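There are 2 protein chains.
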Amino acid sequence: MRRSVIGSAKALSNCSCQNHWNVRLLRPLASSPSRFLSSTSVLDSPPPPPSSMPPVSLDNINPKVLKCEYAVRGEIVTLAQALQEELKSKPGSHPFDEILYCNIGNPQSLGQQPITFFREVLALCDHPSILDRSETQGLFSADAIERAWQILDQIPGRATGAYSHSQGIKGLRDTIAAGIEARDGFPADPNDIFLTDGASPAVHMMMQLLIRSEKDGILCPIPQYPLYSASIALHGGALVPYYLDEATGWGLEVSELKKQLADAKSKGITPRALVVINPGNPTGQVLAEDNQRGIVEFCKQEGLVLLADEVYQENVYVPEKKFHSFKKVARSMGYGAKDISLVSYQSVSKGYYGECGKRGGYMEVTGFGPEIREQIYKVASVNLCSNISGQILASLVMSPPKVGDESYESYSAEKDGILSSLARRAKMCAYTFGISDVQLTLEDAFNNLEGVTCNKAEGAMYLFPCIRLPEKAIKAAEAAKTAPDNFYCRRLLNATGIVFVPGSGFGQLPGTWHFRCTILPQEDKIPAVVSRLTEFHKSFMDEFRD
Amino acid sequence: MRRSVIGSAKALSNCSCQNHWNVRLLRPLASSPSRFLSSTSVLDSPPPPPSSMPPVSLDNINPKVLKCEYAVRGEIVTLAQALQEELKSKPGSHPFDEILYCNIGNPQSLGQQPITFFREVLALCDHPSILDRSETQGLFSADAIERAWQILDQIPGRATGAYSHSQGIKGLRDTIAAGIEARDGFPADPNDIFLTDGASPAVHMMMQLLIRSEKDGILCPIPQYPLYSASIALHGGALVPYYLDEATGWGLEVSELKKQLADAKSKGITPRALVVINPGNPTGQVLAEDNQRGIVEFCKQEGLVLLADEVYQENVYVPEKKFHSFKKVARSMGYGAKDISLVSYQSVSKGYYGECGKRGGYMEVTGFGPEIREQIYKVASVNLCSNISGQILASLVMSPPKVGDESYESYSAEKDGILSSLARRAKMCAYTFGISDVQLTLEDAFNNLEGVTCNKAEGAMYLFPCIRLPEKAIKAAEAAKTAPDNFYCRRLLNATGIVFVPGSGFGQLPGTWHFRCTILPQEDKIPAVVSRLTEFHKSFMDEFRD
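If you read the sequences in order, they're chains B and Z.
Positions 295 to 840 (this note's numbering) are the ones given, in order, by the first sequence.
Positions 295 to 840 (this note's numbering) are the ones given, in order, by the second sequence.
Just chain B, with the same shape it has in the complex:
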């Protein structure tokens, strides 16, 4: 596949072409004050006659909101929800009996069980008055009870229903910092940690801080997780794309970063930050340490903040790769906080825990002056604090049971079971999409899909296969006024109940088409998914083959 650079950052964020992610055409803004408001003084004249038109319309809302797109819960998912309602009210109304959500990394919605120890501690912290009761000993493990006491003792007044410090409970930040130190081998400061309701608000916070206008650019991988494009759009900045190289397993080349940076600057964009997602979403690659060093060096030299999305740090499935935090890489290069501004995002939603609904997460913020930290704290304080259960859970995932603890064995068994199953599923799914170096272990083998190629999922929870769509299908999509990958995903959903996200939502090289699917369906369900998909794909290609 040949790489070609498609337009400038500005073009990317303003154009309405369907080749990258969907950018909604902006309606013209009324240049005069709202037509629903009288322009004469309300004191001097009678009020205008009540209008039957609502005061808020697409013509007069914030254009940044209109521009924002979030495909992971976009049109296809809305259609899936409608189909699900129909299946409920009219069973048998579709050629499938359930919707299979492969659109989003939401493991527990597909049957993954939570880690028992974590849930024990959460339940005890929610209802501490049972901690002293004898029945509790029989219901909960001893180390969960002990951990709940430890956590409660870190909370002023043991009040889990109180607002905490706006960065999160200090004792929990101590635990998280210790977990980071143990992971990286370099010091971590609890005052650098901001606990948030999942990682998303933390991403918004930094975008809000850095973006002043549409002239401020954020370098983002293409394909990217659309939180980034959505957040940049909402904050009115310019997304400066850099392309991951599909041919080399979604490689991240510093030469590409340099090229796109220069291009953006030549167009008057001030680059402020670089987003790196490692392991990759939607692309699943795990960066090599040497590659990370190059990225750190680039950010340092160019004065860019490095925004490191490290929420999949526990999701690495290949023995030859290992997760290294960017902070560890920077520190091991001898770069301290004074040398590079670095933000690392972590979440309780991913890893082997998959606790999406708990909305726990944090960012570790290093390399900013105290006056900037104060500004971040101020913005955090406007929402007072993140939810305490999510805070507690964030401390637990960074400090799980240790050898010798009562829960250690069952905890390890649960964790290993989930991670090894995820690794198997990554392989099974990848095989379906035409990976050549993977042996499928399923007995009922099936054919690879015509025209589909896919890179290995080294980590994270997704595959992002490339699909070569026939011209006829592309024309049919045009006639249906939608992007070809969207057309494919919609047909797939209507035929099988399987929910994939079109590549347009993540960005892709023009003329190429992809979709993202999670590897999260339970193993015993995968054969059925694969056969439904295979059957659909065959009939789709039969219909549209050139």
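Hints are computed from structural coordinates only; laboratory data are not their basis.
Since this is a predicted model, take the numbers as computed values, not measurements.
Do not rely on the hints blindly, as some may be mistaken.
One copy or any two copies: either way a pair holds, since identical chains are not told apart in the list.
Only pairs whose alpha carbons sit at most 30 Å apart, straight line, appear in this in silico BS3-like list of lysine-lysine [said to hold, decoys possible]:
id, residue 1, residue 2
1, K616, K552
2, K384, K622
3, K464, K819
4, K509, K721
5, K382, K464
6, K696, K552
7, K672, K382
8, K672, K384
Here the structure of chain B is known, so what remains is to put chain Z in place on it, guided by the hints.
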């Protein structure tokens, strides 16, 4: 006290005078690209020498962030946290042995206990695998177990760790809608409800939707809860102030709304929405129904979205006043969704439950077209969903135990105990600040504070007394480069450990000074607080009396 109108909305949001809330002086923005970035192509020339300056400074962050202020966790609170650390590391280093946080409505931080039934249900939903165990019957009430089952059955796969629908779990929204119907006597639609992490993100969402530029105005009460000024600043809009009338118990006059609206329009501002906080924060008044009808009529005629902050709906302490939701008032006037755009905010943080740390809340959004609802949904979906425990708790506060349920009696006793204690505390505190029509029940009566007057707290959790500061104190504040009310609060904190928030943070008529204090210290602590405050105030006045 004479009312005088202080400047335009624009002046209010841009000027640096200390008379209203503190607006930080904006540093000039660099007009050229960041000095840390090379302007030559990085492909053609060697990278610039690494700079020892960080790439992010106060000179180059988003000026909207700089402008935003949130006094409730501002300078005074930061000082309080530092003092608390000092007390811990050096006991006896200050003339008090604890910090008393009266800055924020955070009841459980001051000893209020959570409602048992709510916490039972939360714990069971966190760890559902104990639901079937026999020990659980002994530890939890039967109706809590039953409710947990009901809730789990409303969650697909009973997965409390999964992302939910971005508006919140449908079954919980059904419960909340039923609770609203029972409260108001008018229908409520679960599809109108957006569950959020506390009410704050819901406020931001609407500001983000409505504000296009600094020419879009949001009418806000002065004094106001600073979430509103902060959110308007962060989204780059204009705060259009309307003044509550302290002389009539913080009355909200429609004539004042009209006057400020006309004034804003004459300055080229397009008013988009009206914020009303009822019961009032920081002012504690409860609006009369007739007053609410006038406000609804005004919004309808002017095409303004009515943003109704109704988070204190359970906190009404005087028998002659009752809470009426704006939706109920509008519907009882015969106005349906087509007639008025209305957003009602509710939170689990307030009421008798006070579950601030759980970050549960919702907004009910009526009177917007489906295309606008779609935009709100899209913005909500970027953050995926609010935390599930907070969602569950929001359903519980809108559907608590009923007569006949096992927990009903203990639940009622807990609820009544908290609410009647809050009512007593509102009286006790108000007396301290010079209210004439309240009899203090404490035996050790004390003198009212010189120069301090205060309105009754009919509802909410705060008093907002007016303090006439001597000229000498005002001069001393000037010399210390701070606002006089801030000067007073800082001295108070340093002398007594009591944390009040200066009125500047909420807005006040120029030349008047106030502070906000919560009524939340436990009853047995109040006499000590009062005597520390009284002693401080006396010595302050002795020092500065003209």
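When no copy is named, should K464 and K819 be tagged within, between, both, or neither for a Cα gap of at most 30 Å? between (43 Å within a copy, 26 Å between copies)
For K384 vs K622, is the C-alpha pair at or below 30 Å within one copy, between two copies, both, or neither? neither (55 Å within a copy, 36 Å between copies)
Classify it for me, K672 with K382: is the Cα-Cα distance of at most 30 Å met within a copy, between copies, both or neither? between (46 Å within a copy, 25 Å between copies)
Measure nothing new, just compare the shortest in-copy and cross-copy C-alpha distances for K672 and K384 to 30 Å and report within, between, both or neither. between (51 Å within a copy, 28 Å between copies)
At 30 Å max between alpha carbons, let me know whether K509 reaches K721 within a copy, between copies, both or neither. neither (42 Å within a copy, 55 Å between copies)
Pop the pair K696 and K552 into one bin, within, between, both or neither, using alpha-carbon distances up to 30 Å. neither (44 Å within a copy, 65 Å between copies)
Between copies, within a copy, both or neither: which fits K616 and K552 at Cα up to 30 Å? Within one copy only: 26 Å inside a chain, 64 Å across chains, cut-off 30 Å.
Taking 30 Å as the upper bound on the Cα-Cα distance, should K382 and K464 be classified as within, between, both, or neither? Cα proximity of K382 and K464: across copies only (14 Å, versus 47 Å in one copy).
This entry does not satisfy hints 2, 4 and 6, going by the numbered hints stated previously.
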